[in-house]
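Counting in the numbering used here, the sequence shown runs from 1 upward without gaps.
It is worth saying that the hints were derived from the structure and are not from the lab.
Watch out, some of these pointers could steer you wrong.
As the list claims (entries may be wrong) - Restricting the straight-line Cα-Cα distance to at most 30 Å, the calculated cross-link-like pairs of lysine-lysine (DSBU-like) are: (1) K84 - K55; (2) K84 - K58; (3) K69 - K55.
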Amino acid sequence: KKKTVAKQDIETGSSDEKPEFLKDEAGSSEESGRILESKGVFHWRDVTYDIKVGKKPKRILDHIDGWVKPGTLTALMGVSGAGKTTLLDVLANRVTIGVVTGSIMVNGNLRDQSFQRFTGYAQQQDVHLVTATVREALRFSAYLRQDASVPKKEKDDYVEEIISILEMDQY
Numbered sequence: 001k002k003k004t005v006a007k008q009d010i011e012t013g014s015s016d017e018k019p020e021f022l023k024d025e026a027g028s029s030e031e032s033g034r035i036l037e038s039k040g041v042f043h044w045r046d047v048t049y050d051i052k053v054g055k056k057p058k059r060i061l062d063h064i065d066g067w068v069k070p071g072t073l074t075a076l077m078g079v080s081g082a083g084k085t086t087l088l089d090v091l092a093n094r095v096t097i098g099v100v101t102g103s104i105m106v107n108g109n110l111r112d113q114s115f116q117r118f119t120g121y122a123q124q125q126d127v128h129l130v131t132a133t134v135r136e137a138l139r140f141s142a143y144l145r146q147d148a149s150v151p152k153k154e155k156d157d158y159v160e161e162i163i164s165i166l167e168m169d170q171y
């Protein structure tokens with residue numbers, strides 16, 4: 001069975017600014033349709049997030065640095081109220097108020113407007129249909145996230161590839 005990778009599912013952010021500390025790029029194999037091990041890194045440096053409470057500014061995130069290497073499990077840990085969810089919302093470009101400063105990069109390129117479209121994470125209070133299987137939940141996400149021009153079969157094949165990679169075929 002040939003497996004494919006959705007063309008619309010690869011981060012395509014770009015910027016003229018290419019920091020020295022990141023030079024790797026993520027890739028995929030069009031020939032085999034297999035997802036290759038990514039060499040890129042999601043990296044943030046000196047990220048701050050300020051909001052106004054009443055008339056006074058309040059710093060929610062204070063000069064945060066970090067990185068996530070693809071293909072690894074990364075834990076974001078801290079006490080209640082430490083800002084874990086806020087950091088994830090800022091990194092995923094989900095905040096709608098306040099001011100975010102610092103550098104947020106994918107593969108050494110500053111995150112652009114397409115970033116939010118190509119990323120996702122399960123929120124703390126994420127709502128899932130309890131009767132849906134893993135396959136059904138992933139298909140639902142693929143149908144909503146991938147461009148309408150991507151054929152349904154290609155979306156389904158991509159979901160099957162992800163399930164296989166995660167060794168969740170039985171689910």
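Okay, the hints, checked on the actual structure:
1. K84 - K55: With a Cα-Cα distance of about 25 Å, the restraint between K84 and K55 holds, given a limit of 30 Å.
2. K84 - K58: holds, 17 Å
3. K69 - K55: violated, 39 Å
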